[in-house]
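Sequences and hints are given; from them, build the entire structure.
Protein chains in written order, with the numbering used here: chain W, 1 to 336; chain E, 1 to 336; chain F, 1 to 336.
Among the hints, a few may not be true.
Said to hold, decoys possible - Per label pair, the in silico range of CB-to-CB distance: (1) E:302 x W:129: 16 to 26 Å; (2) W:180 x E:302: 42 to 52 Å; (3) F:324 x W:38: 43 to 53 Å.
Quick caveat, the hints were computed from the structure, so don't treat them as lab data. Note that CB positions come from ideal geometry on N, CA and C, so glycine has one too.
Here's the letter readout for the chains.
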Amino acid sequence: MYLRNAWYVAAMAHEVGRTPLARLIAETPIVLYRTEAGGAVALHDLCIHRKAPLSLGRVAGDAIVCGYHGFTYDGTGACIRIPGQDHIPARARVRAYPVVERWGWLWLWLGDPAAADAALIPGFDWLDLPGWVANTGHLHLATHYQLAVDNLLDLSHETFLHARTIGNAAVAEAPITTHEADGIVHVRRIMKDVPPPPLFVKTTGSSANIDRYQLIEYLAPCYVRLEVRGLPVGSNDPNSGLRWWVLNALAPETARTTNYYWGLSRNFAIEDTAMTAALQKAVELTFSEDVAMLEAQQAAIERDAGRTRQIDARLDGGTVLARKRLAALIAAEARA
Amino acid sequence: MYLRNAWYVAAMAHEVGRTPLARLIAETPIVLYRTEAGGAVALHDLCIHRKAPLSLGRVAGDAIVCGYHGFTYDGTGACIRIPGQDHIPARARVRAYPVVERWGWLWLWLGDPAAADAALIPGFDWLDLPGWVANTGHLHLATHYQLAVDNLLDLSHETFLHARTIGNAAVAEAPITTHEADGIVHVRRIMKDVPPPPLFVKTTGSSANIDRYQLIEYLAPCYVRLEVRGLPVGSNDPNSGLRWWVLNALAPETARTTNYYWGLSRNFAIEDTAMTAALQKAVELTFSEDVAMLEAQQAAIERDAGRTRQIDARLDGGTVLARKRLAALIAAEARA
Amino acid sequence: MYLRNAWYVAAMAHEVGRTPLARLIAETPIVLYRTEAGGAVALHDLCIHRKAPLSLGRVAGDAIVCGYHGFTYDGTGACIRIPGQDHIPARARVRAYPVVERWGWLWLWLGDPAAADAALIPGFDWLDLPGWVANTGHLHLATHYQLAVDNLLDLSHETFLHARTIGNAAVAEAPITTHEADGIVHVRRIMKDVPPPPLFVKTTGSSANIDRYQLIEYLAPCYVRLEVRGLPVGSNDPNSGLRWWVLNALAPETARTTNYYWGLSRNFAIEDTAMTAALQKAVELTFSEDVAMLEAQQAAIERDAGRTRQIDARLDGGTVLARKRLAALIAAEARA
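Right, dumping it as structure tokens:
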């Protein structure tokens, strides 16, 4: 059901410290903490003794002590103390998960540790690239993560759901192109000489028509990179107007819940903290509209229980390709 | 499980306007709205594109626009716009339900549209009959609708549950007569020369004994009409004392929830707005007692899970006949 | 799943009076009330008529009247009134449960009434023994009752969970002895010349080392008696220092919820009401720590759904013996 040999965002780096943090990733309970040296540790969040969550315990040195009966595990998951006895059985260990800290986020490899290759982490380097400044955030969604991925791959919804910020009439009727290359699904919508949406006007101070670009990349299982450009009409310089990347990680929690980590990174007015604050507000407003719709959609799908057939439209080209790619990867993993 | 070829109350007329309203009827999601001319439209509340609830969208002209990706449907359920393409597949439509506005309520036909005959709507005309004035209300019950129908067909419960308003000792021991005619189950309790219950005293100002009538009609699947009379002892004129009709529509929502629409219509002191206000309060108090009991009964039945047998009493004559009639209609529909 | 031929605590005596009280015991709904003479009655809390909970009714004389349609039952469960008819069928009765009031608690026999022998009630007489004074309390736990029994049989958790009151480092590493005799599982931990935990210091005013005893007895299905002693080092007189009994009844409600009745009885400073009040607070604080851990453990076990194996430690000797004994009793009852 979930792709196991994959990196999932487990937390934002600042969320994890010397107090254990519990997260559920693809129905797997994880406890996160940092060693004295600051390294991040991710263990299965279930004491092998009586299944108490280790996240209710405390960190001691580089180890974590179960808050119930004191079973203690080092950062590799090996049990190093069982109160009342000297012998510790070899099988007394919890699973440890490879975790990599990169660009301010913690990435966890859910599958076979031998296959964990940091080079497979999707490139989200705009989050801390010199010359760029990023807004970030973390939302909890009561929805399957694929519904949130679909949302980002079919931006025609901006017209109908986000008229207060990034949507206007220009978007929904503009054609898209889609293709897959090197395992990445690309969805592109280029709108020439169109009015800017409200958030662009607010950000740039100009309501003159623009050439608007939405260049989207889907990387399985749950990543969407979206390059947005609002350029002077006719300009070929991507840095000649508004430009930002929206970086999205949809970490599945259960079949009906998701942790959503997002970043919006821009390369203009990067010292302008008022703009940074305004963009934070605008993104949170926009995503709150998505949350309401996605959660209603999830509930409607559950209630429908497969009775109604759905219809794909031309603008679903990207979502269809992406779902096909993910299904193929999951099927291949099930065969292996 | 539900009778499909039947009218169900979908909403009170004043609840439906130019903003979409969601209702669940027999586990079927319905969106209700009005056209520019004021006509009521009822559609399946599930966009055929990605199953977003249409009720989160907006009404434009006589059509409804999905709030997610803009699929648009006319009042017949036909899709008339898919953003980004000109071709609209013939199968792109949501189901439309016949709906009739009558006596201030909206009646929806859940089954085969060809069989929708407005003449089959139960007669609730006292709701706006000249010379009568009606209180009305809408409650949500966490209970199967049959438990609420049972409640109305065995009014012996007034003695035990409603001693503050319509119950006193006279009711529970009084015999009933029951019969079925023309598909209507009749339950009648006539109590001669008995004390009036508190609400009658408050309404009429008199505590003298009365001849009290409870003339009940059950119309499948979920309608109960109750004519109440409190007449001077020995009077044969139904309009010589207190007289009102209690009109009840129990619209199934799920197997454990129900929308309850009620009216109480009287033909005396019809200009007396203070009396109208007092009756509204009295009915709401009385029904709140029913709600508490019915929801506890529903929970107890679920917990019991069929382990305990129940016993019918003589006063259950009406509920037994009504359940038999409904079961026969549902069985006949299943055979057809 | 539950041992049926067993006594379960149904309520504290002061909770039951002339207003019906509902309790769920081993998934069986029970209504409790007192007769005019003060005797406690326990009946199946489900009217045989339409399955309304009798606990929503009222007590009249020694009988209970259903609050819905007035079916009335005497203290043996026999129906003695059905409104509207004289004949009462012989099978019109609800099950009555033997109930014994002892030491301030009400004990209910869930199984075959013929086998109800008050001599099988576990000895909790310290609750009202002359020369002793008891604190008592009642908690509701969202956890299976066996997890709470386990908690009391492995007190090594005091070190990790209760460092603010009864835990310190001395407990967890001290060995235990376990044995079973006369159907009682004994778990003993004797710690010589150890520091007293915070609550002992607060209670006795002394922080001198003590000989600390934890003498635990498990009586199936759900009782734990715990004798605690904090004696001057080297003393053989159990009454020479701090001594109390913690008496625990874990009444199963459902597979994931439990009613927990507890007492703490001491034989020193028994007139000291300030100490009694302080102990009440300390126990409630301590048990609130257990509740948080037990409920997290229950949730983690449910989420794990048997995927992870657990490991028994040496200090689990008591919990393993107790679970074995209970399983044997339930299996024997299933065979019989």
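Tell me, which hint numbers fail for this structure?
-> Failing hint: just 1.
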